[in-house]
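Please build the complex by placing chain B with the ligands on the supplied structure of chain A, with the hints as guidance.
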Amino acid sequence: MSSLKFHYVVDKTDFTRAGEASSDVKGKLRKMGCDPEVIRKVAIAMYEGEINMVIHAKGGVIDVEITPTDIILVLKDNGPGIADIEKAMQAGYSTASENIRSLGFGAGMGLPNMKKYSDEMNIDTVLGVGTTVTMVVHMK
Amino acid sequence: MTIGDIKNFLNADVLCGEDLLDKEVHTACGSDMMSDVLAFVKDQSVLITGLCNPQTVRTAEMMDIVCICFVRGKVPDEAVIELARQRGLAILATNMRMFEACGILYEKGLRGGASH
Ligand SMILES: Nc1ncnc2c1ncn2[C@@H]1O[C@H](COP(=O)(O)OP(=O)(O)O)[C@@H](O)[C@H]1O
Ligand SMILES: [Mg+2]
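For the record, the sequence lines run as chains A and B.
With this note's numbering, the residue at position 126 of the first sequence is 137, and numbering never jumps.
With this note's numbering, the residue at position 102 of the second sequence is 106, and numbering never jumps.
What the hints contain is simulated information worked out from the structure, not anything from laboratory work.
Misleading hints may appear alongside valid ones.
Claimed, not checked - Result set (DMTMM-like, lysine to aspartate or glutamate): computed pairs, CA atoms no more than 25 Å apart in a straight line: (1) Lys46/B / Asp135/A; (2) Lys27/B / Asp46/A; (3) Lys151/A / Glu82/B; (4) Lys127/A / Asp36/B; (5) Lys42/A / Asp68/B; (6) Lys127/A / Asp23/B; (7) Lys46/B / Glu31/A; (8) Lys126/A / Asp36/B; (9) Lys23/A / Glu86/B; (10) Lys126/A / Asp47/B; (11) Lys27/B / Asp17/B; (12) Lys23/A / Asp47/B; (13) Lys39/A / Asp47/B; (14) Lys39/A / Glu86/B; (15) Lys46/B / Asp95/A.
To be verified - Just a sample of chain A residues kept apart from chain B, beta carbon distances all over 10 Å, derived: (16) Leu15; (17) Lys16; (18) Lys69; (19) Tyr104; (20) Ser108; (21) Leu114; (22) Gly119; (23) Met120; (24) Leu138; (25) Gly139; (26) Thr143.
Virtual Cβ for every residue (Gly too), placed ideally from N, Cα, C.
Chain A with its partners taken away, still in its complex shape (with noise of 0.2 Å):
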């Protein structure tokens, strides 16, 4: 089986949108009869990691790559950039807005979720620039 690739370009002003990337990559998941704990991990942290890139870095693209043995999911953003890595981290660190609280984000969760469901997770940013997110869960 060659590999799947798919892309998505996620708006950056419309948060009521936020999230359907993830919902079709759940979607083509399931489709293709996916293990359903693996589902959840990329449902999760692909979700996690859409939102991020709105409320935090408005907008950018997703590009998906669904191998045999893997799911790839490279979040790429030129937002902002994240100043201290290691600090975003940390569960309970967020720099967002009451506004976005209001919207039920921006708990601090958001980092530590996406590597505690992700088996590989890669943060490459620059301040200024933007953040690119990689993230890979293994098939079963």
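Frame of chain A, contents of chain B with the ligands only:
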């Protein structure tokens, strides 16, 4: 307990998912913070919340939650209900506040279930 039982116990309206009322549910979580639901919920099938935006449905979808019950008389707009319908979720709406709704359901046997 079924989703239909929840509707009765909370005197709730069914906004979508009438066909799911016979579905059995055993565990629930209550939160207005979707971040916390994503981080701390494991296998819960009901979400009780006062947060009424599309991300409530998205979060439920990602977590395989089958029923959302909005408290404090909150009613989402039609687009949110339509999204839930497409995703096969049941949506209930009650005038009760969070504490009351959770307390009644707990008393009737619904539990918090596993957490991370
Ligand atoms: N894509 C991103 N671009 C810029 N900053 C980010 C991005 N993702 C996360 N961050 C920073 O890392 C912090 C922690 O992220 P996270 O754990 O998801 O918590 P939250 O989203 O609730 O703030 C954010 O508050 C933000 O400062
Ligand atoms: Mg986040």
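Right, here's what the structure says about each hint:
1. Lys46/B / Asp135/A: With a Cα-Cα distance of about 29 Å, the restraint between Lys46/B and Asp135/A is violated, given a limit of 25 Å.
2. Lys27/B / Asp46/A: Distance ~23 Å between Lys27/B and Asp46/A Cα, so the pair holds.
3. Lys151/A / Glu82/B: violated, 39 Å
4. Lys127/A / Asp36/B: holds, 22 Å
5. Lys42/A / Asp68/B: holds, 15 Å
6. Lys127/A / Asp23/B: violated, 35 Å
7. Lys46/B / Glu31/A: holds, 22 Å
8. Lys126/A / Asp36/B: Distance of about 23 Å is within 25 Å: holds.
9. Lys23/A / Glu86/B: holds, 23 Å
10. Lys126/A / Asp47/B: Given pair Lys126/A, Asp47/B holds - Cα atoms ~19 Å apart, limit 25 Å.
11. Lys27/B / Asp17/B: Judged against 25 Å, a Cα distance of about 16 Å means the pair holds.
12. Lys23/A / Asp47/B: Violated, because 31 Å separates the two Cα atoms, which is more than 25 Å.
13. Lys39/A / Asp47/B: Holds: Lys39/A and Asp47/B sit about 22 Å apart, inside 25 Å.
14. Lys39/A / Glu86/B: holds, 20 Å
15. Lys46/B / Asp95/A: violated, 29 Å
16. Leu15: Fine: 21 Å to the nearest Cβ keeps Leu15/A off the interface.
17. Lys16: holds, 22 Å
18. Lys69: Nearest chain B Cβ is 17 Å from Lys69/A, so the label holds.
19. Tyr104: holds, 12 Å
20. Ser108: Per Cβ check, Ser108/A is outside 10 Å of chain B; nearest 14 Å; holds.
21. Leu114: violated, 6 Å
22. Gly119: violated, 8 Å
23. Met120: violated, 4 Å
24. Leu138: holds, 24 Å
25. Gly139: holds, 26 Å
26. Thr143: holds, 22 Å
When the structure is compared with the earlier hints, violations turn up for hints 1, 3, 6, 12, 15, 21, 22, 23 and for no others.
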